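*Asks:* What follows is each chain in one-letter form.
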Amino acid sequence: MLAQALRRTLLAIPTVLVVIIGAFLLMHAAPGGPFTSQRQVPEVIERRLERHYGLDLPIGDQIVRYVGGLLHGDLGPSMKYRDKTVAQIIAEGAPTSAVLGFSAMALALAIGAGLGILAALRQNRAQDYFVMAMAIIGVCLPALVVGPLLQMYLGVDLRWLPSSGLYRDEFGLRYLILPILTLSLPLIAVISRLMRASMIEALRSNAIRTARAKGLPEWQVIVKHALPIALLPVISYAGPALAGVMSGSFVIETVYQLPGIGKQLVLAAQQRDYTLVMGVVLVYSFLIIAFNLASDIMYRVLDPRTRAS
Amino acid sequence: MGRCLPPPQPFWINRRGLFAGAAGAGAALGGCANSQIIGFDKRAKSLDICNNAEPDSLDPQMCTSAWENNIVGNMFIGLMTEDADGHPIPGMAEHYEISDDGLTWTFFLRRAQWSDGRACNAHDFQFSYRRLLAAQSLSTYASLLYPIKNAEAVNSGRLPVEDLGVTAIDDLTLEIKLEHPAPYLAQLMKHYITLPTPKHIVLKHGDDWVHPDNIVVNGPYTLKRWWSNYIVHLERNPRFFDASNVALDNLYFYPSNDVNAAARKVMSGEAGWSTRFASNQVADLRKALPGYVRIAPFLVCNYFSLNCTKAPFNDVRVRQALAMSYDRDFVATQIYRTGERPAYSLVPPGIANYPGSARYGWSGQPMAARREAAERLLRAAGYGPNNPLRFEFSLLATSDNPRVAVVAQADWRAIAPWVVVELHSFEAQVHYANLQARNYQIGSAAWVADFNDARNFLYLLETRSGPQNTPGYSNAAFDQLVLASDNEGDVDKRAQLMTQAEQISLDDAPFCMSVFLNSNNLVHPDLGGYEDNLEDIHRARWFRIKNG
Amino acid sequence: MTDLLYDDVIMPRAIRGRSLWEDARRRLMRNPAAVVSLYVVAILVLLAIFGPILWIYKIDEIFRDRVAIAPTFDHLHIFGTDTEGRDMVARTLFGLRISLLVGFAATLVALTIGVAYGAIAGFFGGAVDEFMMRIVDVLYAIPFIFFVIVLMTLIDTPDPFVKLMLIFMAIGAVEWLTMARIVRGQTIALRNMEFVEAARAAGARPMEIVFRHIVPNVLGPVVVYATLNIPVIILAESFLSFIGLGVQEPLTSLGRLISDGSGQMINAPWMLVTPAATMLIALLAMNFLGDGLRDALDPKDR
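Chains as they are written, first to last, in my numbering: chain A, 1 to 309; chain B, 1001 to 1548; chain C, 2001 to 2302.
Don't take every hint at face value.
Below, computed lysine-lysine pairings styled on DSSO-like, alpha-carbon distance capped at 27 Å [as the list claims (entries may be wrong)]: (1) A:224 x A:214; (2) B:1224 x A:80; (3) C:2058 x B:1310; (4) A:80 x B:1199; (5) B:1204 x A:80; (6) B:1199 x B:1177; (7) B:1224 x B:1204; (8) B:1546 x B:1045; (9) C:2163 x C:2058; (10) B:1199 x B:1045; (11) B:1493 x B:1287; (12) B:1546 x B:1149.
Here are a few chain A residues that sit away from chain C, every Cβ distance over 10 Å (derived from the structure) [stated by the list, open to error]: (13) 32; (14) 52; (15) 60; (16) 83; (17) 110; (18) 111; (19) 132; (20) 154; (21) 158; (22) 159; (23) 223; (24) 240; (25) 266; (26) 270; (27) 294.
Derived from the structure by calculation, the hints contain no laboratory data.
Here the structure is a predicted model, which is why all the values come from computation and not from measurement.
Even for Gly, the Cβ is constructed at its ideal location relative to N, Cα and C.
Please take these sequences and the hints and turn them into a complete structure.
*Replies:* Structural data, given as structure tokens:
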């Protein structure tokens, strides 16, 4: 297994490289540039800007320059935000996205798994239908409806929770409750359905029948034998989903006015801030590859079929 | 509630501290950081502000937009500055003298300091202007100062920077020589592009000088922290020359791209000022936030640019037909709903030193008559059932543009069934690029005045404006009148020349003017010193706390 | 974006033969939720096709004197009007049409590419499989949003309908990845089975085997995934509308209506409620139907 993990990690490098080059080419192919604006930039200044950021070089040279910079840990200067480098901007946004993502996923796993198990144990009874209905509704309500609604009713009308932002310069946990909640709802929905389905499967499997036949108490059967098997698909899903949540939470970050990299990606792409887009795409690629790998490793660790051998 | 402890460590991430942020995140998780923010905190003397968007830069010479002005204009003071009503008043310059020919302005500076105690004087201004207009400068707005002698040549690299017409005669005297008389120079000298940058800091730190650890300011507030895409925290500068009259201690600016989220933030009391709101929600906002809604005339015009270089809009009759049959009154009253004024002229009313008497020729007539006249014009131009008028309307996909475009399309279709309008939405970057490359037929556009003078709008239609002249309009009489007005020292005569030019442009209709926008703000009723003004500039220096 | 909704681990194993479809149909009909959903989806499709044609108002008719009025029976503005004075019933029906169209078409694109790709990769195995899956991995590592933004701005046409096609293709171009993975998993399970051996022995060419024997047998899980994916696509389109890239004027979609409506929540809530409710009903129905299909096709999960 170690060999596999190593192999996957090594394979990640050319993958990321291809992603970078692909994204670079795509970005530059899109019409418009970082310096286009309503007020036309004087030509002489525009040329100067292009020279400064290396945009006047042929595309191949630009890619080489960029990748070379990457090897030194230099993600380049942001083309839109003149005072900052891409690394600085991402570093300022990453902690928030990380906290949001991990918290939302942790909450989703806890609640989702719990609900899924409940539904599986009470299959086809009232609790099951209720959980499944809630799950489907949770998937069907987009964040861009739930977010403003929660913000409006809990934040503005009832004033139970702050409506947006953080506590100014600091990380107030209370400020993250609504965003984490909004972010986790669809995750809870998906995880509870996955958990239910796989728990039902697990409970019917031979391993469980054996365990029951051995006379073990029911709770042991469920927790020690069925649960690890049932968790497998959830883990498989959770890894990449976490990567997606961390960099794709544009709606949450916009509605709740949080500094995160999800917002950065969309804004930078719209403004054609090439280096910032590349930086976030890079981060996303790493995250997805890393989390995929982590998922797969956990899967193999937990899978009783491989454990036994 | 009560006062809160300052954060345990600065959050600013330097290039090496990629994980410092994560550490900081773990630190302040409890206690005070979980209380509710009071947007306008009278005891703590702080104000939370929902700004339009994230500033590209806090180096005043790299700024290009109003929301950056909101921040840097509170950090630095130029030769002139504005009072609460937006009128130019002495800033760093106590008074100025103008030579008889109007080409030399001499500014006499007051004694003042940067926030680190060093003297702020004429040498800083000379340094700043040279930095702004130097051949290596990347400032996209520097062209605003081209009225200064040799400014354009220096900026293009044709002349050395020492030839720039800005000289520090001595510590407290600054002389500015001009290419042509500019009676509006006092207005211009309060623009953010002219704000001084500290010579000793810039020379020492280069482009890093804006970092909170390095920056010094000469204005009422200094930069405490800038957390990208989230908050800019300004803190009182005790060394400001008028510090004793500054009421608020802390300002927090949030880039609020989502205007509805910003409104909710004000409604929950977590922000004391939002720099915009959705105009069609005004009635409900008035109910939910009594006393907050501030609407004022603004120096912005919305219009549709008609590409005069290609068919069908190279024919003035077609342009006039569209301009007259567009129901700007409906758009102003029903689509915008905050008292926007329908635009029958190029220059917004109320602008300084300008009577504003130019109008479209058919301005008073009822819409039915205008539609008929439009149809006649189109037929005269050769269009009809056998030769339908087809064109594509390029619009920006954001804010109110799609809503207005739909109305315009309906209006033009109502002229006759053989008028076919196709709507085509674009992203901002692509749209502007198309307009400037004249790769469109009719496109939605807007223009904000840089300073309070009609010249700002006439600039759009001058032949020498190049790509910024998006219709490609070229009228020798218009150009001559504008040039003459540039060289005219007398304010009234200048206004007359500009009015004549404006009338010519309205008769030729390269623009179908739409509405003059208002500035929409939501401001806490107890925030004193906030006055509605034409440029929508509200310096925190003048803010006061009422009932507190 | 959460792409890995149902990966090949929990999807039912390969289904052999055709007689199972009959069985499945019977089982489906016994599931009340699924049957109701089937009818609901059918009604929605009919509304989407005929509604905009039959309703008295069109989506671009502007009523200057009836801007943003609440639902009322005057002039039959049952769902009110929007902030430009257009009837909400007309707009919701049209939005439903476009959303369903986008959902079905994008799924079709994803299905076509994904099934073909996955079946080929799974069947041939070895180096071909490795290479093809590497490509999938690389494409997975590019964020959806970035890809769609760039794709939308790259190809630019004046015709809004063509633009709409591009939205399908953009979304479909991302969704096919998961489809491919599922199909590949199924194919691997299937390729060693007897009927494949038999086909080979009969002299069928590899590609023929793939498309005539393997593909029909993986369709079960594919259909389920596709049905469950349509809601995801409709939601993705609403996200695109939120950032200004979705369906453009003069067309509209449920996602666009919701995105516009959520901005008018305080002054015109009916602009949000109607399309949101419609979308919720549509998504619920399709989800229940998909679940029902899955339960029907996998005999164990009853």
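*Asks:* All the hints need checking, so say for each whether the structure fits it.
*Replies:* Hints, one by one, checked against the model:
At roughly 14 Å between alpha-carbon atoms, residue 224 of chain A and residue 214 of chain A fall within 27 Å of each other, so this suggested pair holds. For the suggested pair residue 1224 of chain B and residue 80 of chain A, the alpha carbons sit about 22 Å apart, so the restraint of at most 27 Å is met. Distance check on the hinted pair: residue 2058 of chain C and residue 1310 of chain B sit about 33 Å apart at the alpha-carbon level, beyond 27 Å; violated. For the hint linking residue 80 of chain A to residue 1199 of chain B, the alpha-carbon distance of about 25 Å falls within 27 Å, and the restraint holds.
Distance hint between residue 1204 of chain B and residue 80 of chain A is fulfilled; the C-alpha atoms sit about 24 Å from each other, no more than 27 Å. Restraint check: the Cα-Cα separation between residue 1199 of chain B and residue 1177 of chain B comes to about 21 Å, which is no more than 27 Å; the hinted pair holds. Between residue 1224 of chain B and residue 1204 of chain B, the direct Cα distance comes to roughly 20 Å. Compliance with the 27 Å bound is thereby established for this hinted pair. For the given pair, residue 1546 of chain B sits about 11 Å from residue 1045 of chain B by alpha-carbon distance, which is consistent with the 27 Å threshold.
For the suggested pair residue 2163 of chain C and residue 2058 of chain C, the alpha carbons sit about 21 Å apart, so the restraint of at most 27 Å is met. Restraint check for residue 1199 of chain B and residue 1045 of chain B: the C-alpha separation of about 32 Å exceeds 27 Å, so the hint is violated. Taking the CA atoms of residue 1493 of chain B and residue 1287 of chain B, the gap is near 47 Å; set against the 27 Å cutoff, the hint is violated. The suggested pairing of residue 1546 of chain B with residue 1149 of chain B is violated, with an alpha-carbon distance near 46 Å, which exceeds 27 Å.
Chain C draws residue 32 of chain A into its interface by the beta-carbon criterion, the shortest separation being 7 Å against a cut-off of 10 Å. Every CB of chain C is more than 10 Å from the CB of residue 52 of chain A (nearest about 24 Å), matching its label as outside the interface. Non-interface status of residue 60 of chain A relative to chain C is upheld: no Cβ of that chain comes within 10 Å, the nearest being about 19 Å off. At roughly 24 Å, the least C-beta separation between residue 83 of chain A and chain C is larger than 10 Å, which holds for a residue marked as non-interface.
Under the 10 Å C-beta cut-off, the non-interface status given to residue 110 of chain A relative to chain C holds; the minimum distance is some 18 Å. For residue 111 of chain A, the non-interface assignment is confirmed: its Cβ lies about 16 Å from the closest Cβ of chain C, beyond the 10 Å cut-off. Annotated as non-interface, residue 132 of chain A brings its C-beta within 10 Å of a C-beta of chain C; the closest such distance is 8 Å. Non-interface call for residue 154 of chain A relative to chain C: holds, since the shortest CB-CB distance, roughly 14 Å, exceeds 10 Å.
A cut-off of 10 Å between C-beta atoms confirms that residue 158 of chain A is not in contact with chain C; the least separation is 15 Å. The claim that residue 159 of chain A lies off the interface holds: its Cβ sits roughly 16 Å from the closest Cβ of chain C, which is beyond the 10 Å cut-off. Taking the minimum C-beta to C-beta distance to chain C, about 20 Å, the non-interface status of residue 223 of chain A holds against the 10 Å cut. With a minimum CB-CB distance of about 5 Å to chain C, residue 240 of chain A fails to clear the 10 Å threshold, and the non-interface call is violated.
The Cβ of residue 266 of chain A does not lie farther than 10 Å from every Cβ of chain C; its closest approach is about 6 Å, which violates its non-interface assignment. At roughly 7 Å, the least C-beta separation between residue 270 of chain A and chain C is not larger than 10 Å, which violates its mark as non-interface. With a closest Cβ-Cβ approach of about 14 Å to chain C, residue 294 of chain A is found to remain outside the 10 Å limit, as its non-interface label requires.
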